[in-house]
Structures are given as C-alpha cells and as structure tokens.
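A.B. asks: One-letter residues, chain by chain:
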Amino acid sequence: MRPPEIMFRAALRLSFSGARSLTRSRPQYTAPLAARCYSHGKQETDEEFDARWITYFSKPDIDAWELRKGMNTLIGYDLVPEPKILDAALRACRRLNDLASAIRILEAVKDKAGPHKEIYPYVVQELRPTLSELGIPTPEELGIDKA
Amino acid sequence: MLSTRALVRGLQAGLWRRVSTSTSALAAHGHSSAVDVVDCSVPQYNNRLDTPLPDIPFITNLTPEQKTLKEKEKDAWTKLSKEEKLALYRLSFELSYAEMKKGSDEWKTVLAGFFFFLGFTGLLVWWQRIYVYGDVPHTLSPEWVEKQTQRMIDMRVNPVHGFSSKWDYEKKQWK
Chain A
29 MRPPEIMFRA
39 ALRLSFSGAR
49 SLTRSRPQYT
59 APLAARCYSH
69 GKQETDEEFD
79 ARWITYFSKP
89 DIDAWELRKG
99 MNTLIGYDLV
109 PEPKILDAAL
119 RACRRLNDLA
129 SAIRILEAVK
139 DKAGPHKEIY
149 PYVVQELRPT
159 LSELGIPTPE
169 ELGIDKA
Chain B
8 MLSTRALVRG
18 LQAGLWRRVS
28 TSTSALAAHG
38 HSSAVDVVDC
48 SVPQYNNRLD
58 TPLPDIPFIT
68 NLTPEQKTLK
78 EKEKDAWTKL
88 SKEEKLALYR
98 LSFELSYAEM
108 KKGSDEWKTV
118 LAGFFFFLGF
128 TGLLVWWQRI
138 YVYGDVPHTL
148 SPEWVEKQTQ
158 RMIDMRVNPV
168 HGFSSKWDYE
178 KKQWK
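These protein sequence lines map, in sequence, to chains A and B.
Position 106, counted from 1, in the first sequence is what my numbering calls 134; the numbers after and before it change by one each time, with no gaps.
Position 18, counted from 1, in the second sequence is what my numbering calls 25; the numbers after and before it change by one each time, with no gaps.
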C-alpha cells in the first residue's frame, strides 16, 4: 500500500490541475504538458491515475481501513471515478464481506456526479455485470435513493 | 451567592455525574444515545456526503439476529433478500445520502417567527405612540404650518429649484 504522503502529494497535484472528470460521458480535455502551469514535474495521465487506483483496490488482502481510506480519498478528488476503479472497489468490498459499503459507494458516486445526471446511469450500466455477479443492489433497488 | 451554589448542585446532578459515568455502557451504538456524552478519544460515526465510509459502523452492538445476518453476509450476496440487504445497510449507516441531503421545513418556522415578532413589535410601537408619547409641538398644527408656509413663500426660500420655485407668484397658487 502506498505511503500516505505520496498519495497526498498526488492528490495535491491533481487538485492544482483543475476539474477533470474521468468518465467518458464528459468531453475530455487533455492539454500538452507544456501548457500546464505546474511548478515542476510531469502530470500523471488519466490512464496512470486509473491504473494506480485499480491496483490499490485490487490488493487481495486489502483491509477495511484501506478500503475506507481509499474510498474517502477518491471521493475527495474533483472527479467521478471511472467504472473500472469502482469495480475494483466493489470487489474489495466483497473480499471484506461488506455489502453496506458497496451500496454506499454507489450512492457516493451518484452524489459526486452532482448536476450531471447522465453520469450515474452510465456508471451503473457499466457496472451492471459486476453488480449482478456479486449480488450488489443499487440504492434505487433498495429504495434508499429517496428520503 | 446561594443561587449560584444551587446552580452548581443542579449541574452536578444533571450533567457532571453523567459525564463521569463510564461510557462503555453508552457506546452501544455508533453514536451514544445520551448525545451530550461523546467520547472523542475513540473513532466516531458520522454522516457526511464527502466521507462515504465512516470510521465505524453505525450499530456496533448486534443482537443475535443481526449477528446471524452478518454471518450470512460472508456468503454469496445473491442469496440475501432485499430486506436483508437493506438491514445490512442500516446496520452500517444511519442516514442514506438522500436522507442526508434532504432539507427540512425549518425555514418556514423561522420566517413565521420573524414575522410574528415583527408584528408584536409593531403592536408595542403603536401602544407606545398612543400611551407614552405626549402631544406633538404646536408648531406642527395646521394653522401654524399655514402661516409658516406663507412666510417661507414671502421670503423666497430656495427660489431656483426648491420650495419657492414651485409657487406661482403671479397666479398666487402652487404650480
């Protein structure tokens, strides 16, 4: 598991780079490196970011703290996580026998999308095979999407 | 002097004794039922949109039925009924995201209270006008104001753009 300092530094770099959404439903804006206003260092690409997080959640013996820390950090970023990352996180929930957290992750993704109402259905559609395989209900199926 | 001592006694009976009680009995739930006793030295549960997975589950003291449900959770989730899945969710989380984001009707109460007190103040001001204020000075009586106005016209007060400019001196009337 990556030491927290590296993750925080990466998080800071990402926050300086401005708003990005990593799901395909929004148009991608990737500027060449020279146009970015960093003090130094090269920017991590979207693919590297995704790969890093998928690796994080795919750890076979991930523990509950790491799952919570990972999810809370990921939700703190200014983006909606890619379905691939969420798939890895849901499978981590399965390894930890934590159905409630799996449902919570879906709720959090919907909340992260904010006013962009088309993102959440897209994510659920992409995750549908995993949801069916693992038996994870969506918040809508449980009726907790309405207060 | 005596009243402050009584106050301290009251505080001791009400609050301080509860604070000194061991919190292990109160830590049955994720948040203690006696809300004014919160042990900040251990991880706490919280409902936050930006923290989807809090440090501890909402309910930590499980009944035997809940414990069997937790055992069942280790098996395939496809075998769980919808009610069981919902029960598992509610064990870990107090409020769903929808419940967290739901507003309340408190603003109506606030606005109503605001208008009520505004009206009440208006009544007080009106009563004060009637019963507290004496008569207005005699220089505001219609007779006096009439004579005053005539005098102001006679001495050409503000004749360019102001008072007297509105008076037609030929026709001896207001313009």
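Hints are computed from structural coordinates only; laboratory data are not their basis.
Possibly wrong hints are sitting among the right ones.
Said to hold, decoys possible - Mimicking DSS-like on lysine-lysine, the simulated pairs with C-alpha atoms at most 27 Å apart in a straight line are:
{"id": "1", "chain 1": "B", "residue 1": "LYS74", "chain 2": "A", "residue 2": "LYS97"}
{"id": "2", "chain 1": "B", "residue 1": "LYS86", "chain 2": "A", "residue 2": "LYS174"}
{"id": "3", "chain 1": "A", "residue 1": "LYS97", "chain 2": "B", "residue 2": "LYS79"}
{"id": "4", "chain 1": "A", "residue 1": "LYS97", "chain 2": "A", "residue 2": "LYS87"}
What the hints assert, rightly or not - Covered stretches of chain A (in silico footprint by chain B; criterion: 3 or more residues with CB under 8 Å from a CB of chain B, positions within the stretch not fixed):
{"id": "5", "region": "78–89"}
{"id": "6", "region": "162–174"}
These numbers were taken from a predicted model, which means no experiment stands behind them.
We put the CB at the ideal spot given by N, CA and C, even for glycine.
A.B. asks: Hint by hint, say whether it matches the structure.
C.D. replies: The hints, checked one at a time:
1. B:LYS74 x A:LYS97: Holds. LYS74 of chain B to LYS97 of chain A sits at ~25 Å (cutoff 27 Å).
2. B:LYS86 x A:LYS174: Within the cut-off at roughly 25 Å; holds.
3. A:LYS97 x B:LYS79: 26 Å, holds
4. A:LYS97 x A:LYS87: 14 Å, holds
5. 78–89: violated (count 0)
6. 162–174: holds (count 11)
Violated hints amount to a single one, hint 5; each of the other numbered hints is respected by the structure.
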